[in-house]
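Asker: Sequence:
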Amino acid sequence: MERILTVCQMQKADSFTINTLGTQQDELVFRAGESVASVIKEQFFGGRVLVCVGKGNNGKDGLVIADILSKTHGFSVKLFDSENPDYNLFDKPFDIIVDCLFGVGLNRNIEGKYKEIIDKINAINCYKIACDIPSGINGDNGKVMGVAVKCNMTIAIGEYKVGHFLCDGIDYSGKIILKDIGISVWEDNFIKRIDDRDAKKCFEKPNRNVHKGSFGKTCIIGGSEDFTGSVILSANSLTALKSGVGYTYLLVPKSLFNAYVGKNPECILMTFDEDFSASIDKVLSCDSIAVGMGMGNSELTYKIVCYLLANYSGTLIIDADGLNALSKFGVSVLKDKKCTVILTPHIGEFSRLLGKDKENLTDDLIENAVDFAKEYNVKLLVKSAVSVITDGEEIYLNTTGCSAMAKAGSGDVLAGLIAGTIARNDNQMESLLSAVYMFGKAGEKAQEKGSAFTVTASEIIEQFPSVIKDLQNA
Numbered sequence: 002m003e004r005i006l007t008v009c010q011m012q013k014a015d016s017f018t019i020n021t022l023g024t025q026q027d028e029l030v031f032r033a034g035e036s037v038a039s040v041i042k043e044q045f046f047g048g049r050v051l052v053c054v055g056k057g058n059n060g061k062d063g064l065v066i067a068d069i070l071s072k073t074h075g076f077s078v079k080l081f082d083s084e085n086p087d088y089n090l091f092d093k094p095f096d097i098i099v100d101c102l103f104g105v106g107l108n109r110n111i112e113g114k115y116k117e118i119i120d121k122i123n124a125i126n127c128y129k130i131a132c133d134i135p136s137g138i139n140g141d142n143g144k145v146m147g148v149a150v151k152c153n154m155t156i157a158i159g160e161y162k163v164g165h166f167l168c169d170g171i172d173y174s175g176k177i178i179l180k181d182i183g184i185s186v187w188e189d190n191f192i193k194r195i196d197d198r199d200a201k202k203c204f205e206k207p208n209r210n211v212h213k214g215s216f217g218k219t220c221i222i223g224g225s226e227d228f229t230g231s232v233i234l235s236a237n238s239l240t241a242l243k244s245g246v247g248y249t250y251l252l253v254p255k256s257l258f259n260a261y262v263g264k265n266p267e268c269i270l271m272t273f274d275e276d277f278s279a280s281i282d283k284v285l286s287c288d289s290i291a292v293g294m295g296m297g298n299s300e301l302t303y304k305i306v307c308y309l310l311a312n313y314s315g316t317l318i319i320d321a322d323g324l325n326a327l328s329k330f331g332v333s334v335l336k337d338k339k340c341t342v343i344l345t346p347h348i349g350e351f352s353r354l355l356g357k358d359k360e361n362l363t364d365d366l367i368e369n370a371v372d373f374a375k376e377y378n379v380k381l382l383v384k385s386a387v388s389v390i391t392d393g394e395e396i397y398l399n400t401t402g403c404s405a406m407a408k409a410g411s412g413d414v415l416a417g418l419i420a421g422t423i424a425r426n427d428n429q430m431e432s433l434l435s436a437v438y439m440f441g442k443a444g445e446k447a448q449e450k451g452s453a454f455t456v457t458a459s460e461i462i463e464q465f466p467s468v469i470k471d472l473q474n475a
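Mapping of the sequence shown onto our numbering: residues 2 to 475, in sequence order.
To be clear, the hints were calculated from the coordinates, so they are not data collected in a lab.
Every clue listed holds true.
In silico BS3-like links for lysine-lysine, alpha-carbon gap of 25 Å or less:
#1 Lys176 with Lys116
#2 Lys304 with Lys283
#3 Lys180 with Lys61
#4 Lys375 with Lys338
#5 Lys380 with Lys338
#6 Lys56 with Lys93
#7 Lys375 with Lys336
Note that the structure is a prediction, hence the values are computed from the model and not measured.
Work out the full structure: start from the sequences and follow the hints.
Answerer: Put into C-alpha cells, the structure is as follows:
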C-alpha cells in the first residue's frame, strides 16, 4: 500500500529530515525543484513555460524549476513572481504553466491579488502542472479555498497528501506523479492507498480440489414495489458474474415473488413479509448478509435490520435504505449487536447518519468517519469519487473508479460484490478493500469500452471477469 499523509504528518516528516537527520532545507528545495523539472523534461520535448512562484518554500522550488528548464534545450522560460507581479506575462502565449504559488500548508481562503493571479492562470489555455499540490486546494480535505489552480498534472513531493484525492482535489490535481526527494517518514499511522497487491489477495487462483461449500454462502435482502431492480443488481454481482461465492440466497418481499422468479436462476429465491422472523432465521447460517438495497425507508426495513443485529453472528453489510432507516428510526441500535457490521453510505447517507450537513461533514471527512466507526464499532465505507474505508483505527483510501459510475444501481452492485467476497474470506477488512478496489477498476474498464455518459451498472458487472484476471496476473 502507498502512504498518504496529512499536512501535519508531512510537516513533521520535513522537520525530522532537516533537524534530526541533518539534511539541509536548501538541499530539499533543490531536490523538489529538480524532481519537477525532470518530469517536465521527460513529458515534453520543449515549449514555452511560465513558472509562477509565491514567497514560501513552494516558490523556492519554482525558482529551481525555472533555472533548470531555462538551461535545457528546447524550453523558453519566463518567471512570474507574485510578490512583484508583471501581469503582462499573462497576455503572452505559453505551452506550460508551472504552479508554485502555495504549498500544502495553506490554511486560509485565497483573496485579493492571489485570487486574481489564479483566475488569470486558469483562463490561459495551456497545460498546467502543480508543484506538490494545486495552489488553493486544502491539503487535508481537498476543498477549494476560495479559488484554486485547475491542473492537468501534479508532482507530489515526497508523499501523497490527503488533499490530492478528496473532494475537489482529485479533479484539480489531474494526473498525480509521486517523486521521492529523501524526506523520511518514521511513523506508521498514516492513511493507506489500496493498490493491486492488496486487492489481489482475495482473488488468487483457487485450488482444483474444492466444491461450492468451500466458497461460503451469502444472502441479499432487499427490494420493494418501487425499486425492484436494486436487489437483482446486488445478486447479479455475486452469481451471474461469479465474484467467488459458493451459494447465493435472494430474500425479497412475498408480494414481489413473481417479479423475481427466474430473474436470477443461480440464486436460491426466498420471500419475507411483515412477519419476517421465520424467513430471516433460514438465512442466519450465511457467512455474509447484505441488506437494504431498494427496500424503502420504512419501519419494516428498520425492524429487519434490528433483528439481524440482534440474531445474526456473521458479517452484515447495511446499505441504501438500511442506512436510511437507521438514520430515521435510531442509529444507536448499532451499539448492541452480535454480528460484524459493515456500513456502506455515500456522502448524503453518511451526513444523515451523523446528523450533519454535507459541507461540515466533508470539511473533516476522515475524522468524522474514524470517530463514527470507533463509536459504533463498525467497519465503514464512505463512498465518493475517492472512498474512505476505516474500522476506527486503520484508514484507507480507494482511488479507483471514474465518473461513469455515478449512476443509479452502482451502489447495489458494490454491496453485492462486498457480500460475496466476504463470504469466502475470513478477513473482512481485506475482503472489503479488495471488493471496493475491484469495483472501481471494473468501472474504469466499462468507461474505456463505452463513455462516461453511457455506462450502466450492469455494464460494470460485465467487467468483473476481466478485472479478476488482471489482478491474478498482477
